[in-house]
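Residue numbers (the working numbering), protein chains in the order written: chain A, 1 to 271; chain B, 1001 to 1271; chain C, 2001 to 2271; chain D, 3001 to 3271; chain E, 4001 to 4271; chain F, 5001 to 5271.
Since the hints were made in silico from the structure, they are not lab data. There's no promise every hint is true.
Claimed, not checked - Away from chain A, derived, C-beta distances all over 10 Å, residues of chain D:
id : residue
1  : Phe3005
2  : Gly3102
3  : Pro3207
4  : Glu3209
Stated by the list, open to error - Derived lysine-lysine pairs resembling PhoX-like cross-links, with alpha carbons at most 25 Å apart:
id : chain 1 : residue 1 : chain 2 : residue 2
5  : D       : Lys3193   : C       : Lys2193
6  : F       : Lys5087   : A       : Lys87
7  : D       : Lys3013   : A       : Lys87
8  : F       : Lys5087   : D       : Lys3087
Keep in mind that this is a model prediction, so the values were computed, not measured. Heads up, the beta-carbon is just placed ideally off N, CA and C, and yes, glycines get one too.
Number of protein chains: 6
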Amino acid sequence: MFTHFHALQYEAKPDAPDPDFARKMQEVLGGQWGEMTVATQYLLQGWNCRLPGKYKDMLLAIGTEELAHVEMIVTMIDRLLDHIPLKPDAADRSKEAAAGYGQHNPQHPIVNGAGASYMDSMGNPWTGAYVTASGNLMADFMYNATAEMQGRLQVARLYNMTDDPGVKDLLRFLITRDHYHQQQWLAAIEDLKTEGLEGIPVPEAFPLEEEVGDLGYTFIDTSDGPDAAAGSWASGPSIDGRATFAARRIEATADAPILPPGDPRLYPTPQ
Amino acid sequence: MFTHFHALQYEAKPDAPDPDFARKMQEVLGGQWGEMTVATQYLLQGWNCRLPGKYKDMLLAIGTEELAHVEMIVTMIDRLLDHIPLKPDAADRSKEAAAGYGQHNPQHPIVNGAGASYMDSMGNPWTGAYVTASGNLMADFMYNATAEMQGRLQVARLYNMTDDPGVKDLLRFLITRDHYHQQQWLAAIEDLKTEGLEGIPVPEAFPLEEEVGDLGYTFIDTSDGPDAAAGSWASGPSIDGRATFAARRIEATADAPILPPGDPRLYPTPQ
Amino acid sequence: MFTHFHALQYEAKPDAPDPDFARKMQEVLGGQWGEMTVATQYLLQGWNCRLPGKYKDMLLAIGTEELAHVEMIVTMIDRLLDHIPLKPDAADRSKEAAAGYGQHNPQHPIVNGAGASYMDSMGNPWTGAYVTASGNLMADFMYNATAEMQGRLQVARLYNMTDDPGVKDLLRFLITRDHYHQQQWLAAIEDLKTEGLEGIPVPEAFPLEEEVGDLGYTFIDTSDGPDAAAGSWASGPSIDGRATFAARRIEATADAPILPPGDPRLYPTPQ
Amino acid sequence: MFTHFHALQYEAKPDAPDPDFARKMQEVLGGQWGEMTVATQYLLQGWNCRLPGKYKDMLLAIGTEELAHVEMIVTMIDRLLDHIPLKPDAADRSKEAAAGYGQHNPQHPIVNGAGASYMDSMGNPWTGAYVTASGNLMADFMYNATAEMQGRLQVARLYNMTDDPGVKDLLRFLITRDHYHQQQWLAAIEDLKTEGLEGIPVPEAFPLEEEVGDLGYTFIDTSDGPDAAAGSWASGPSIDGRATFAARRIEATADAPILPPGDPRLYPTPQ
Amino acid sequence: MFTHFHALQYEAKPDAPDPDFARKMQEVLGGQWGEMTVATQYLLQGWNCRLPGKYKDMLLAIGTEELAHVEMIVTMIDRLLDHIPLKPDAADRSKEAAAGYGQHNPQHPIVNGAGASYMDSMGNPWTGAYVTASGNLMADFMYNATAEMQGRLQVARLYNMTDDPGVKDLLRFLITRDHYHQQQWLAAIEDLKTEGLEGIPVPEAFPLEEEVGDLGYTFIDTSDGPDAAAGSWASGPSIDGRATFAARRIEATADAPILPPGDPRLYPTPQ
Amino acid sequence: MFTHFHALQYEAKPDAPDPDFARKMQEVLGGQWGEMTVATQYLLQGWNCRLPGKYKDMLLAIGTEELAHVEMIVTMIDRLLDHIPLKPDAADRSKEAAAGYGQHNPQHPIVNGAGASYMDSMGNPWTGAYVTASGNLMADFMYNATAEMQGRLQVARLYNMTDDPGVKDLLRFLITRDHYHQQQWLAAIEDLKTEGLEGIPVPEAFPLEEEVGDLGYTFIDTSDGPDAAAGSWASGPSIDGRATFAARRIEATADAPILPPGDPRLYPTPQ
Ligand SMILES: [Ca+2]
Ligand SMILES: [Ca+2]
Ligand SMILES: [Ca+2]
Ligand SMILES: [Ca+2]
Ligand SMILES: [Ca+2]
Ligand SMILES: [Ca+2]
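So that you can see chain A by itself, here it is in the shape it has in the complex (with noise of 0.2 Å):
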């Protein structure tokens, strides 16, 4: 259950309105590692959590954070969107550029009236395929961990490609707690390993001794760069500390398949 206040959790307001650049915030509101991913993903792996206490707590906290991220953004996005030049001014193609009618996107003014919406900086719709939850706080925490650091990249990305100081003071908070929302999920990833709930490989109580020979620690090279086994990924002790490191060259273990005849009801070539 939730409850909502007017008042905003950073400022969100630009210098100047610019269309254009407000197409490109759609990316970090609607996109694939925008705010929408992160807020409804959070909530919904701290719902599903079948193991109660501090990690719960945790997801359904910076969950609800998230949204207050995507009640900034939208705001932004609906000032940038002021006065939106609606026609080209062929006269004067300058004063068009500044006013960003260049790359805007067509339609924050047909569709909705100048205001923000649920997409991408290419117009897609945000989905529900962007989340994930498993059900394996390993395996998420680590997605959501890559979740904070392509955000953060975007988000930095973005300050350098805008010299208005009110938008380049909300990036700068978005940044900083993507800043802290990596630590947060690196830190909760310790925490489980420390506490014995999960370890590498993921998921952890799948039985070894059902994997298949020395395939759980090679680096099987099939392709012609000469570096691609000079990392320590293909010698050396094994990250899961249970072996060695080993490469070689990609082989066949089984013969080339031979499928039965198709299926005369369905019609294939031949009968």
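With the hints as your guide, set chains B, C, D, E and F with the ligands onto chain A.
Same frame as chain A, now just chains B, C, D, E and F with the ligands:
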């Protein structure tokens, strides 16, 4: 540039057809965390990689191996679909259950003529939106690690959903390779750190002095779960080694936003 | 900005697990007319609303309540998925039917580990394309009213598709809230009219003298159904009170179009 | 069964090509609220309608008219795409702006050879998910009414985004028909009520005694906006005429949910 | 412009309801190769066709006939959905099998109230991305021919998946029309060639002297399948009559690409 | 099983960066008719092929070559994205036009860090729904032929949309291979016919005596275009050599359908 060999990396032959399980196997072929995703993702990260050497070479090598995994799962699905029943057998439902009619994917016979396709177990087509290639190797390797975790988790679950020895044999192979690949990405992340190419927070090159106050080290609690701050993410040394974690309740720092009136050319309420 | 409480707005506990029904419940979570749609839609309309006061405040209030509905349905689905059977029981299909194997969603166990996800009952992920926020309150409140009608209809149908008292109890709650919410939007539409903020046709501010002839008041019949013009839409006073309805057969008013030849740089037929 | 006539219902000829505007026109062809949606939706509602007579006949008649609207917009887009510039003219940007290069849709020349396609202004393909046909006429006619409102709103906005007299002429036609069609659906809703076929709440046949307490008449406030309960939805007689509206703050009525532990066969955290 | 007649082109009446088969029939209504695709595709190709005369006229005629096919399949699905069981009958699974509960589409009752919708047999909504209209008639007529082949194949498979005489009767009609339509497109392709409007390779107007070496006539072998070059595509006269086919192994002709370092403003690895 | 070589099949190096053209090139990488489609489609058809020998071997060979085409286009796009401008240059729009800012894809810098991704020129992600593999080789080879036609058409159009010699060189290579591949599929179709494996109508094994009347040889006219029956599809010998073509107007052969009343458990109109 690639060359192909008809022989398989590993055997992909069920002991008996099972159209229901064929549908389930589609998840690890064309689902979000299936082999199509990792194959095309590692190749794209490799091609796009602007840093020559071991990372680029390794990416192209593993991507190419994953293509062989796609091939084996397609082959397995094809064989599971042999003799697919086309109608329910009203007189004898147990016969039908054995034959796998109850949960089969109707597109397997109607659209693909008893063949695999690039979709997941619920029939959603695989999409390029599953692929992440950000140009930042640390962010992407974290994603790759979670992909191998989600993937191994799904295959391990499928292992508990069939009794067919031939199917289980291929699943054991896939589980084993995912075991290795998880370690491969974690090892590569360690190499990136050791070599000073990237660190926490990602991207490390964004100047930390631009960040806002202590928000890079503060857990913000927004829910009444009593244990949300009981993890190592809310007190003690920070993961990036630069500060100490703290926790506090969420607070508003900006007034409720007042948007300017709508643009009459867009017919808002009010005019 | 939001805060969250772990306690639920209403109880969400089935008397027994039922994985088949869990799949069906997904429709009112992540389907086109599910709680995800209304929650995110009302919030977006509220944030985007450029008219301060009761409409904006009400939108943000109802959107926040809908988040609590999302939470309850996720919780219900999680509990319906307890002890999900992983394999058909060929020896005893009636046992299986009772356990809900026949129609379950394979992604529930494979992808989500017996948890809910943001998809509908056929596995289509929820999409931001379901959300409408046009900036015109009358147009959007009509959409909101139909959303609550479609939603109540679906929940009422689900009510007839289960005998579980716990499930039915939550469905009764949802049906009751949809009853209120339908009225809420219809009342808000009346307020908009009363206050002179919008009227029929939407948008009322477009100058009617720009319209074409009597086409704003004429039913155009294109089919041979004998009763098409037998409704109040084809004769009598018009809904907007400005004219009288009439009816006539469709007629062409422009010649068959002749397009200029294709551009040879685009290789049409013919060059 | 249909027959087709090459002559157009209304003229669809721009005074000059304008590839940028062609892209924008796609919104009302293949966008969520475009002519493809209403044409296919009204026809589907008509074919599915299990009540013979005036509603079914009217649905099939209006759906068939909307096909003529699809045809006219396709024709308009084709003509706007004549002589589309294939490259930017770096030497003279104003010339290019006049020619409409800046915002054009690259698929128009590359994929469609200067022709229309079934997508919106951001290139999202039209989807059957836009179509609603619930089997309940009241719920669907409300949807149809909002469709005509959203549609008229978008066309009226487009009207302010061009100076081309030929384009404006077709837009005026579409705006006028949307004016009528809004009234048509509102009149049909009145007929449904008058004839006792449906009422508020939809579906009216669900027994009201199954509803929960006073929740069918209560505005639940979850936010701190001071005016949320200042509308006619929170006090006074209810819309359905059966009670009086009230308002109160959101309250929890069930404890925080405790889910049972995860199933070990699915490798949750913890095992 | 269209007119509609309530009478059907052919009867669409099953002998008995069958909700399972209703789901399967959706494939040829709203699937990639269903009637929605061919109806909307032929009409779009016709409207976009810049060459007046027999091809344009024929396209609009066949597209209009396909709308009648859409109508018949919708009608058939509606009737197959009569009396759809809403719950499994645990006591008597054979009764349920007869009633078609096991594989039915849950959206049919929940969303559509026992009506058809624009989706395929796995519930994916029909999408405008299925429609091809390139502006080159030869390329598009080849696509149309394959559409009628894929379509006839699917209907012929459905014919083997039911025993209902009424359903089979409509399927026979559709199979027969697909028989004719395959020939229609192949005949139109011959006309295009005979009239010199297009030839192989498409587009024939691209100057062949711009092509690279003998690569327009060479089979490039990349796999170890022994028979890959045993077809008429690898030796003998070429299809376009201009040369002789040859075969050789794939060879690299350019060095491994070295990309320039990443742009620091985008935070790549390395900085 | 595959192996990979870093050297390229053909050079993929532009003379200068051009982010606008990078966006356009995405169409032939991740669009419906791009290299991702043909690569994954030919491989899937090959793996699924139940007829051993030349067709299966050839499918796997050509699919593997197409992977090399994917690689080259990715490489080209990466290089076109070097030094992508991050902001418009309001003071000097011609400079910006030269740099390719006006039409660039904002996800290229924000999401992919100046790298390619699996999407088309409008940003739609590539989808497995583009892939056809029916199990009937004739139907699929027709599809493959049209894929090579649509593909060559698009590349030939791109050739007219750039002046960069390096880009044009790669486009010439792709156009040339598409020339060959069109012939390859047409030759394979001839082989299928010659060897008696399939014929017209596809599938030929469906018994023609089950077809309905003369509808397999009759053009049905539904429009008033005067020339619709002026092609070889409406008179003269049929393509399958079994009859003579005829033409007639569309006629209804079944009464207007009367559906039974809706099921009250689903709350239709009326109850
Ligand atoms: Ca955030
Ligand atoms: Ca793998
Ligand atoms: Ca609700
Ligand atoms: Ca219309
Ligand atoms: Ca047809
Ligand atoms: Ca190619």
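Each hint, compared with the structure:
1. Non-interface status of D:Phe3005 relative to chain A is upheld: no Cβ of that chain comes within 10 Å, the nearest being about 30 Å off.
2. Once the 10 Å rule is applied to beta carbons, D:Gly3102 is inconsistent with being away from chain A; the minimum gap is 6 Å.
3. The beta carbon of D:Pro3207 sits about 28 Å from the closest Cβ of chain A, which is more than 10 Å, so the claim that it is off the interface holds.
4. Once the 10 Å rule is applied to beta carbons, D:Glu3209 is consistent with being away from chain A; the minimum gap is 27 Å.
5. At most 25 Å may separate the alpha-carbon atoms for a hinted pair to count; D:Lys3193 and C:Lys2193 meet this at roughly 21 Å.
6. For the suggested pair F:Lys5087 and A:Lys87, the alpha carbons sit about 21 Å apart, so the restraint of at most 25 Å is met.
7. This hinted pair checks out: D:Lys3013 and A:Lys87 have alpha carbons roughly 20 Å apart, not beyond 25 Å.
8. Straight-line distance between C-alpha atoms of F:Lys5087 and D:Lys3087 comes to about 21 Å, which keeps the hinted pair within the 25 Å bound.
Checked against the numbered hints listed earlier, the structure breaks hint 2 alone; every other hint is satisfied.
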